[in-house]
Amino acid sequence: MSSINPEEFEGYADQIETGGREGKLRRKKHSRSRDLVNRAVAEQDKRIAQENRAREAEEIIKKQLSHFPPLDSDEGIKKAKIYTRWLRDSFDQDYPILSEGDVKFQYTVASVHAGGQKRQKSETAVVAIHIPTLTRARNEDETSREINKDRAFNTLYTPLERHLSLWKDLLKPEDGNSSVIENKVEKILQDLSLEKQKT
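Numbering-wise (my numbering), the sequence shown opens with residue 25 and increments by one.
Hints were generated in silico from the structure; no laboratory data involved.
Take these hints with a grain of salt, some might be off.
Claimed, not checked - Derived Cβ-Cβ restraints for the label pairs, each shown as a range:
hint : residue 1 : residue 2 : range
1    : Asp-113   : Ile-171   : 53 to 61 Å
2    : Thr-132   : Asn-207   : 34 to 42 Å
3    : Asp-215   : Asp-174   : 34 to 42 Å
4    : Ile-106   : Ala-134   : 26 to 34 Å
5    : Ile-84    : Val-204   : 32 to 40 Å
6    : Arg-186   : Tyr-131   : 22 to 30 Å
7    : Ala-66    : Val-204   : 21 to 29 Å
8    : Arg-63    : Val-204   : 26 to 34 Å
9    : Ile-101   : Leu-60    : 24 to 32 Å
10   : Pro-93    : Arg-63    : 43 to 51 Å
11   : Gln-221   : Leu-60    : 47 to 55 Å
12   : Ala-149   : Ser-123   : 20 to 28 Å
13   : Gln-68    : Glu-164   : 43 to 51 Å
14   : Ala-66    : Asp-215   : 32 to 40 Å
As the list claims (entries may be wrong) - Using 30 Å as the maximum straight-line C-alpha spacing, the simulated BS3-like pairs for lysine-lysine come out as follows:
hint : residue 1 : residue 2
15   : Lys-220   : Lys-105
16   : Lys-196   : Lys-208
17   : Lys-87    : Lys-222
18   : Lys-105   : Lys-208
19   : Lys-192   : Lys-128
20   : Lys-128   : Lys-70
21   : Lys-70    : Lys-220
22   : Lys-70    : Lys-196
23   : Lys-211   : Lys-70
24   : Lys-102   : Lys-211
For glycine and all other residues, C-beta sits at the position ideal for the given N, C-alpha and C.
Generate the whole structure from the sequences, applying the supplied hints.
So this is what it looks like as structure tokens:
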């Protein structure tokens, strides 16, 4: 029997590295063009999702602004200016601005049923209305008017936060300046006025 010198054997080093399988388990490297295509598809999907979010946000904002008076009246112009100023200031701060001066409270008191010891029990409900956005929050958990007022005021922050978030979805980050905001608000209100005139 003759002995084989591994040093002289052709391809010996390759068989040692791959375990003798000659690349069966080796993965093919993807070409750069495939990576670029995947990246382009991902960016396109992201852009489409962002456009869909913006469209949905605009519809929700239109629904809320539909309660505003029409732009062709003095009251409508005044309301649009107040709303635009609030929106601009909230964008600058990156959170909704909520001050007690911008909130109107409505109170209702109702006698419900007899309480203990032959006393009438009453319920007090408080509705807090944010004047710039016409957003409402209601609280009637307690019998105390002041506690319900404070809770309604504090509850108002969450829908305002959601409203500002919708505007952030609608506008691009670079569109946060005041003229773009004013133009967009005016366009939405004009569209709503046209829709009301058609019906």
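Checklist entry - Hint numbers the structure violates, sorted upward? => result When the structure is compared with the hints, numbers 1, 5, 9, 20, 21 turn out to be violated.
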